[in-house]
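Peer 1: Chain by chain, the residues run as shown.
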Amino acid sequence: MSEILQVKNLKLYYSTKKGVVKAVDNISFALNKGETLAVVGESGCGKSSMAIALMRLLPRNVNTYQGSIIVDNEDISKLDEKTLRERILWRKISMVFQGAMNSLNPVLKIGFQIAEALLEHDKRLSKKEALAIAKKSLELVRLPEFIADRYPHELSGGMKQRVVIAMALVLNPQIVILDEPTSALDVITQANIINLLKRLKNEKGLSYIFITHDLAVASELADRVVVMYGGKIVEYGNAEQIYATPKHPYTQKLIASIPTLRSDKTLEFIPGAPPDLIDPPPGCRFHPRCPYAMDICRVEEPPLLTASNGKVACWLYKGDIVE
Amino acid sequence: MWFPIKRLFKTPLYAKAVDGVSFNLLKGESLALVGESGCGKTTLGKTCLRLIEPTFGRLIYDGRDITHLSGKDLKWYRREAQMIYQDPFSSFNPFFPVRRILEEPLIVNGVKSKEERINRIQEALQEVKLLPIEDFINKFPHMLSGGQRQRLAIARALILRPKFIVADEPVSMLDASVRVEILYLLKELQISQGISFLYITHDIATVKYFSDRMAVMYSGKIVELGEIRKVITSHLHPYTEALIEAIPDPDPNNRNVERKVIPGEPQNPVAWPPGCRFHPRCPYAMDICRVEEPPMNEVESGHQVACWLRIKK
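Line by line, the protein sequences are chains A and B. Its first residue numbered 649, the first sequence is counted upward by one per residue in the working numbering. Its first residue numbered 123, the second sequence is counted upward by one per residue in the working numbering.
Note that these hints are calculated values from the structure, not bench results. Built from N, CA and C at the ideal position, the CB exists for glycine as well. Please note that a few of the clues may not be correct.
Once the Cα atoms are required to be at most 30 angstroms apart in a straight line, the calculated DSS-like pairs of lysine-lysine come out as [unchecked claim]:
id : chain 1 : residue 1 : chain 2 : residue 2
1  : A       : 784       : B       : 382
2  : A       : 776       : A       : 730
3  : B       : 382       : A       : 846
4  : A       : 913       : B       : 309
5  : B       : 309       : A       : 901
6  : B       : 149       : B       : 168
7  : A       : 959       : A       : 740
8  : B       : 382       : A       : 849
9  : B       : 330       : B       : 149
10 : B       : 382       : A       : 681
11 : B       : 194       : B       : 251
12 : A       : 849       : A       : 959
13 : A       : 659       : A       : 681
14 : A       : 681       : A       : 757
15 : B       : 330       : A       : 913
16 : B       : 149       : A       : 913
17 : B       : 330       : A       : 901
18 : B       : 382       : A       : 913
Under 10 angstroms between C-beta atoms, here's a sample of chain B residues computed to sit facing chain A [stated by the list, open to error]:
id : residue
19 : 267
20 : 270
21 : 297
22 : 301
23 : 303
24 : 305
25 : 354
26 : 372
27 : 377
28 : 380
29 : 387
Stretch by stretch, here's where chain A covers chain B in the computed footprint (C-beta under 8 angstroms, at least three residues) [as the list claims (entries may be wrong)]:
id : segment
30 : 319–327
31 : 361–367
Could you build the full structure based on these sequences and the hints that come with them?
Peer 2: Next comes the structure, spelled out in structure tokens:
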């Protein structure tokens, strides 16, 4: 499998009145073609910041924005704003935003809202042609064509979510970032949308970056999993390995806290709160909540070490690591 | 509970949000109410608290008919029954510190001595483990994390020593790691103080960690009611089956298979379909389902279902 996206040393800091928030702090990972990479972690761990950093959709109060993002052997972080918009965004890499179904324009018909992106990217296209493509993309997400003439308030939550997915796919991107695409939906609608995402992936050979806080939902799509904590990657590996034999104490706790329906287990929770990203604890950021914290954890930050088919940032595994 | 929809010069239509529901909640028991959004769970919860006056039927609390209480009697019931809301971010007055949030119900209910009020506040904070108390008592809601706010919401519900609490999705807005902590706290309070809970949720996976029995609601009706383990392992209603099937367990093998999902969406509460309300989405629908509504039927002791498939001719 070839790597379609490589992220190296990505940093995104925000300036606030209280100080600099290190939302994404030096993370590196790669995404293979046709693969789903799930990014999991608690709220405030930097998952969504990472997504907007990849798309360079930055808010105004950015302090530092660094790192290289390589799509198809091209470093898109070096491109200027205009070329990035014309060539990369939505054409190669697109995104379904969290709660996007509630940001559809209430006074425009669905078909036009999808066609708008097409018209913006291809000036030669006529409005009629754009609408025809928009209708095709509705078919792709299993919605009937007449939806194009409807307004958002006439659709249910699940249908709106499908429209938003159609929008993300209308320019045939290879990489789609899904930021909590199902978290506002009912369980049955959620299962429907996940099934749709699975089918689209197989039909079009898409690669997903799937951001979620729910490890059970993540397991529906994930080939590989990135676990984030306090703006850093703490563990990175194949789904089988992360779910069966998690290495980092944070991942272990996170998995132990998911309620399961079909099997019985005692649930655990993680005492304490996620770290303050303005002034993170020294050493390992998880040490104040970690049951295995040692002296070194309080002082020195663990590097992301290669363990058996995966990576983990924890001093516990220093001995058996092959670097 | 029928809500009138007023139309100019026409007879009003009714949104039948809760339509012919009967159940009982035992003392010190936790009953879960499960279903999709729009099925009438929250309306049922609010009706039980008499925040809404039911259109038909009776509510009996502790041997007393509370269906049409008003004035002083209603105020008595307000002390007995409390609610915990879903959204810990919007259910507090942002200008009140923690102390005032908890003091308000005491003042309203005539606890005159200031000393006693402070004692009760400290006790409540102790119970929900917002410790050390001095750190929290003067904070404002925006200074608290999601989990801490939900603890505060629980403290507010507890402060009048209620015997019945309706918890409307108390953990669905919280992170997974905190969710369990709050559920365990509620469970502990249920046992130590003998409070009866009506736990409203759409997530069946959390139900068995907090409740003893569960009722599955669809389109304003209870379609299945029974002990949780029974309902999960040997569910009798096709809707319960669909709900359970839709929930993933964390297993990386999930990605290789598609989930079986029922088609369609819940219907319009103004005009429910005739017969069984689930029949347009039901994979096992028969002729009778389209015509006649199935009655609630006790299949084994304590396990009831409203489905024609389970009625022996």
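Peer 1: Please verify that hint: residue 380/B, Cβ, nearest Cβ of chain A, below 10 angstroms or not.
Peer 2: Holds - the Cβ of residue 380/B comes within 10 angstroms of chain A, reaching about 5 angstroms at its closest.
Peer 1: Run the distance test for residue 194/B versus residue 251/B: straight-line Cα separation, threshold 30 angstroms.
Peer 2: violated (33 angstroms)
Peer 1: Are the Cα positions of residue 776/A and residue 730/A separated by 30 angstroms at most?
Peer 2: This hinted pair holds, its Cα atoms lying about 26 angstroms apart.
Peer 1: Please work out if residue 149/B and residue 913/A have their alpha carbons no farther apart than 30 angstroms.
Peer 2: This hinted pair holds, its Cα atoms lying about 27 angstroms apart.
Peer 1: Identify whether the interface hint at residue 301/B stands, where standing means a beta carbon of chain A within less than 10 angstroms of its own.
Peer 2: Holds. Min distance 7 angstroms.
Peer 1: Is the interface hint for residue 270/B satisfied, with its Cβ closer than 10 angstroms to some Cβ of chain A?
Peer 2: holds (8 angstroms)
Peer 1: With the threshold set at 30 angstroms, check whether the alpha-carbon distance from residue 382/B to residue 913/A stays at or below it.
Peer 2: holds (25 angstroms)
Peer 1: Count the residues of the segment 361–367 of chain B whose CB lies closer than 8 angstroms to any CB of chain A, then report whether that count reaches three.
Peer 2: Holds: 4 residues of the segment 361–367 of chain B have a Cβ under 8 angstroms from chain A.
Peer 1: So if I understand the rule, the pair passes when the alpha-carbon distance is 30 angstroms or less; does residue 330/B with residue 901/A pass?
Peer 2: holds (20 angstroms)
Peer 1: With a cut-off of 30 angstroms on the C-alpha distance, tell me whether residue 681/A and residue 757/A pass.
Peer 2: The hint is violated at about 34 angstroms.
Peer 1: Under 10 angstroms is the threshold here; is the Cβ of residue 305/B close enough to any Cβ of chain A for the hint to stand?
Peer 2: holds (8 angstroms)
Peer 1: Does residue 846/A sit within 30 angstroms of residue 382/B, going by the straight-line distance between their CA atoms?
Peer 2: holds (13 angstroms)
This entry does not satisfy hints 11, 14, going by the numbered hints stated previously.
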